[in-house]
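> Chain by chain, the residues:
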Amino acid sequence: MYVAGVDAGSTTTKAVVLDENSHLVGKSLRATGANVTRASELAYEECLHASGIREREVSYVIGTGYGRYKIAFGDTQVTEISCHAKGAHFLFPKTRTLVDIGGQDTKAIKVSDKGEVLDFCMNDKCAAGTGRFLENAATVLDLELDDIGPVSLRSENPLRITNVCTVFVESEIISHLARGQVVEDILRGVHSAIGARTIALVRRVGIEPEVTFTGGVSRNVGMVRTLEERFGVPINVSDLSQYMGCLGAGLFALERAQGASPRRVKRVEAGGS
Amino acid sequence: MELKHKDAGKVVQRELMASYYGDLEDGEGPVAYLFVPGNVVEILRPFGFRTVYPEINALQCGIKRVAGENILKAEDMGYSADVCGYVKNDVGICLAGGSTPLGRIPKPDLLVCNFSGCNTFIKWFEALADLYDAPMFLLDVPYLRDEASYQQDIEYVTQQLWDLVAYCEDMTGTTFDEAKLRETLEYSRQAEDLWTQLLSRARLRPSPFDAYFEAVFFMAPINVLRGTTDCIDYYKVVIEEMEERSRAHVGPVPQEKFRVVYEGPPCWPHFRAFWELFKAWGVVGVASTYSKVGGLFETGIRHDPARPMESIAEYVINCYTNWNLKKRSELLQQYIEEFEADALIIHSVKSCRSFSVGQADFREVFSHELGIPTLMIESDLADPRYFSQAQLKNRVDAFFESLEHQRIVRGS
Chain A
0 MYVAGVDAGS
10 TTTKAVVLDE
20 NSHLVGKSLR
30 ATGANVTRAS
40 ELAYEECLHA
50 SGIREREVSY
60 VIGTGYGRYK
70 IAFGDTQVTE
80 ISCHAKGAHF
90 LFPKTRTLVD
100 IGGQDTKAIK
110 VSDKGEVLDF
120 CMNDKCAAGT
130 GRFLENAATV
140 LDLELDDIGP
150 VSLRSENPLR
160 ITNVCTVFVE
170 SEIISHLARG
180 QVVEDILRGV
190 HSAIGARTIA
200 LVRRVGIEPE
210 VTFTGGVSRN
220 VGMVRTLEER
230 FGVPINVSDL
240 SQYMGCLGAG
250 LFALERAQGA
260 SPRRVKRVEA
270 GGS
Chain B
0 MELKHKDAGK
10 VVQRELMASY
20 YGDLEDGEGP
30 VAYLFVPGNV
40 VEILRPFGFR
50 TVYPEINALQ
60 CGIKRVAGEN
70 ILKAEDMGYS
80 ADVCGYVKND
90 VGICLAGGST
100 PLGRIPKPDL
110 LVCNFSGCNT
120 FIKWFEALAD
130 LYDAPMFLLD
140 VPYLRDEASY
150 QQDIEYVTQQ
160 LWDLVAYCED
170 MTGTTFDEAK
180 LRETLEYSRQ
190 AEDLWTQLLS
200 RARLRPSPFD
210 AYFEAVFFMA
220 PINVLRGTTD
230 CIDYYKVVIE
240 EMEERSRAHV
250 GPVPQEKFRV
260 VYEGPPCWPH
270 FRAFWELFKA
280 WGVVGVASTY
290 SKVGGLFETG
300 IRHDPARPME
310 SIAEYVINCY
320 TNWNLKKRSE
330 LLQQYIEEFE
340 ADALIIHSVK
350 SCRSFSVGQA
360 DFREVFSHEL
370 GIPTLMIESD
380 LADPRYFSQA
390 QLKNRVDAFF
400 ESLEHQRIVR
410 GS
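Protein chains in written order, with numbering that gives the first Met the number 0: chain A, 0 to 272; chain B, 0 to 411.
Isolated chain B, as found in the complex (with noise of 0.2 Å):
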């Protein structure tokens, strides 16, 4: 059967993402800086800023293979090995004056740091703010501990929002428009709602697409163009196009064996050759946390144009690497039963220390008092030095090696 819409995500995405990087480069309007996790675009897009996410180049960098030089660059400046990749990555793109195969990086004339239970992310904001000597706003974040100190965090963020919009009025000399905020934030809820229909298709068996190696693929609009009418359209396109396999039972792999729960950032540089250590054993991811890096839509959360700024506050504090450890290894149960998956695989990245903490006790938990099977492997999302072929595949090997032997004695 001929399919109509195949790879029609690809090529929509790869329009609009080749638009949004000649906009950086060749556009107007001020530029400003955020972190992928509980940012706060829907504030700038009113202002005029062309936005930029650090991360996402990163990401893109090294899907490209150029992450390796661009951390080398960094470490000849003194930092060290054990500095996040993704920080690196993006010190080398300063050094190398903007200059990445995506397009020129244009340079940040505000950096709104959001911190989303990512410390390092206040130090790299911080030492881009000194090489481009630009202007910081930090947006303090708490961490998300218990319900009873949930309603005032919210409100302590609120605050800071409202800070956020007398700093951009002042920068930019525009007068705060809160019609266009509530625009924005429509557009985003909409998009949120596709988004979150599109991941829960995985639920089918089988399951019409990877919903982490093509997930983590499917997420830039939702990463990048959050608040924009591009960002809706494309889930449009991507669900059609996953409608479409399902009617013709096409799947990621030819023949579902394993549906799997991923936890944590994939390896970008070596991107092909970590998904073909699954692809063989006909595993197939069916949900993943870090595709939820930009929002963990499928909770309820949303942007709402009739609470707009609190609404903003509950989106930011509600950020997957924001939220306490129970709170993250119950969504991964949840993951578990909702997608009918036969294993936990937690790929845990050298760089990120967010996403790391926690994973040993996620193991423990579901190996031994859940008794869901789940194989721990390690490597790095940037740094391509960190990937160690022969050994990742001893480990997965092995391990559905043993799922596959139990499930022939099973007689399932």
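So that you can see chain A by itself, here it is in the shape it has in the complex (with noise of 0.2 Å):
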């Protein structure tokens, strides 16, 4: 038996698949663009070719992220706050605190001892400190997003960006490179200007070992290392970071075809519209 989880987020598209022993058996990933229907529906048949099965034997699927109810052929939708919790539950089970970057949103959920989410914040009403204040930096810097979290590890005079602004960073990153500033020290400002953002948010759940980082931007080691000096504990992260969401979505999936909780699915799809 196999289950699914797609992960239709504001950036990228995330889709997995699972077997019967909870055993990743395939993943894929794509942007997301202007059709989310399309690029869940996409994703997933990626992921089924990746994992050489057919649709048919996929039992359930799940959706998650922005455009979970865009997935037209989801059975049913968990939001992505309690999928990453329990991904990350999965991956390392002594998370007690998450910590999600993506695309426009960061998280910061607070992980009980089962994988639930006792607490969580998000930022509102604005993308600043997330991966597309990193993209933003980058594209000034005419750098690959892969490759900003590196070099800013070379800095030697982290400068201190003081705009959290996804948009007014840039005017301040180029009025530093007009100074002369170097790449790497605008970037490790970069770093920190989030990361400072970033505690923040997660004070306002606790900060309780082990941290787990998940989300696009947990591919970024300048950012692993910034939160990792801010946190002052060590971090979790795996390869998997970006795939927390649809993994979490994809085990729930199997609770779900395995008759674990049968009351949540239909309270869930009450909560969907």
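Source of the hints: derived by calculation from the structure; they are not laboratory data.
Be aware that one or more of the hints could be misleading.
As the list claims (entries may be wrong) - Distance condition first, Cα-Cα at most 25 Å in a straight line; then the derived DSS-like pairs of lysine-lysine:
| hint | chain 1 | residue 1 | chain 2 | residue 2 |
| --- | --- | --- | --- | --- |
| 1 | B | 235 | B | 5 |
| 2 | A | 113 | B | 106 |
| 3 | B | 106 | B | 72 |
| 4 | B | 9 | B | 235 |
| 5 | B | 63 | B | 349 |
| 6 | A | 69 | B | 278 |
Said to hold, decoys possible - Calculated from the model, a selection of chain A residues having no Cβ within reach of chain B, i.e. all distances over 12 Å:
| hint | residue |
| --- | --- |
| 7 | 24 |
| 8 | 34 |
| 9 | 53 |
| 10 | 66 |
| 11 | 230 |
Stated by the list, open to error - Residues from chain B that face chain A, not an exhaustive set, calculated with beta carbons under 10 Å:
| hint | residue |
| --- | --- |
| 12 | 47 |
| 13 | 49 |
| 14 | 52 |
| 15 | 359 |
| 16 | 363 |
| 17 | 367 |
| 18 | 372 |
| 19 | 373 |
| 20 | 375 |
| 21 | 393 |
| 22 | 394 |
| 23 | 397 |
| 24 | 404 |
| 25 | 408 |
We treat Cβ as the ideally placed atom computed from N, Cα and C, and that holds for glycine.
Assembling the complex is the task here: the two chains are given apart, and the hints tell you how they should meet.
Here it is as structure tokens:
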């Protein structure tokens, strides 16, 4: 028996297929673009292809992420907040604090020893300090997104970036460049600015080890280092961090398929619109 | 079962409000503008004032989806994006010559600024005083700090109430009629009793009504018509309707799954969509602070014909937004216990500092110290631009998803 989780995020859409023993069979990732429904269909197809299985072999599919209600082929939806907690607990069972930085969201989630959400906080109304902030910084500096983390770690005299606005940070970076500051130092400042904003959010739910970092931004080594310095504890990061949402969705799907909590299926559907 | 009193509260209120706005448009007598929290309408009625509540106009414009246009008019004039949406809506109405979908709002002859914990109120009426060239009477209401200064504060406000009486006598040429004041206070007292009785019915399981989304509708007469017999009669009608709902086991949602307390104003421009976020999960508001902005009558505060000025002063000082944060937090805790609520929902609105201040602390106290699940969400009460449906839905869904999961795991 197979199950799947699909995470239609604001920037990327991800999918995983799990077998009945919770083993990862296949995964896929693609840009969400303008058509969320199509992106999730394609991500799902690619994932099935990568897994080497057919659609009819999949017993249960759960959609998550902002586009979860647009995933037409899914059986039900669960918010990515619950899914990230589930996924993080699966990979790092001692996770008590979860930090997820995605394309336009930062979430701080307090997780129970069973992987349940106890409390959460999110950035409101503004994408300051999220993945989009880093993307804009990379664009202005003419670097690939994947390179800015490693480059930032080469900084010797980190600059202080005062702006946390995703839009206005561009002009601040340009003015630093105009003054002849080096890219490494600017980037280290950019990472620190996000770190400061993130820790303020995480404090609202409380920082309790172990801390796990998920979402696309967790692939950035500069950000991992910044957060470790700020938290003062080592941070769990997985190669699958970006897939944490759909992994959690897949694990929920497995529970549903195995009938672990049938009541919940109905209620979650009632929450949809 | 056929409900004889179905929507009676809605129907009667529609008539009352139409008649209220009709009188503003065509009626006679001087016009006073007042704020809802801590207003002194009982002093003004005996002088024959017709009263306008700019907050109520803003609320109604929000529901009728014209607040956005009014706000833009004020911003065109130079008001910043950060200024309270209620203020800008009101300035917009003024710039439109008083024209609203509710009727034409008359110009003020007097602005009575009853400052109750909101310092924007002062700037708001100063702006109106300038725009309408009308006199403003500032009632300086001390913020409720501690017990030690309480009696002194009551005396301080009482003295100002007599100043207002003298001002009104002078302005209208009418002698103050204390018997009329006592009569008005008696009408207020009776309505306050009934309103309190109505809200207490949310203790029932299931609650016959939503004590946030419906209570903020039912609150209109206590805020606008206090001191009249219409107001008393209205709450008799609503109580009857709710008694019938209880007998028929009818509530605001098909099945009451979660009972919550709401803190903060609702989002008027997206009222239905905002409510739906919660209805979808079987959530029922059993108590709310915003439905009490016009007075914390359940704490025993009453207008009292036997102690006219003192009781008005007590009422004015003891408004929710004029209370210190400790007292507000204790009130919320009391609501959670008395109404057997599962969670606290804090709706923080960008416009209203007098509400938003301290909400992050409430979140901290309730979720961390008291162990009560608390959700904090953000939009605005007047400005339609600050409502982000997807983000709100995500938070609300995640919150009730996890509450439900914990409930299933606990097996209750």
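> Honestly, which of those hints from before does the structure not fit?
2, 10, 12, 13, 14
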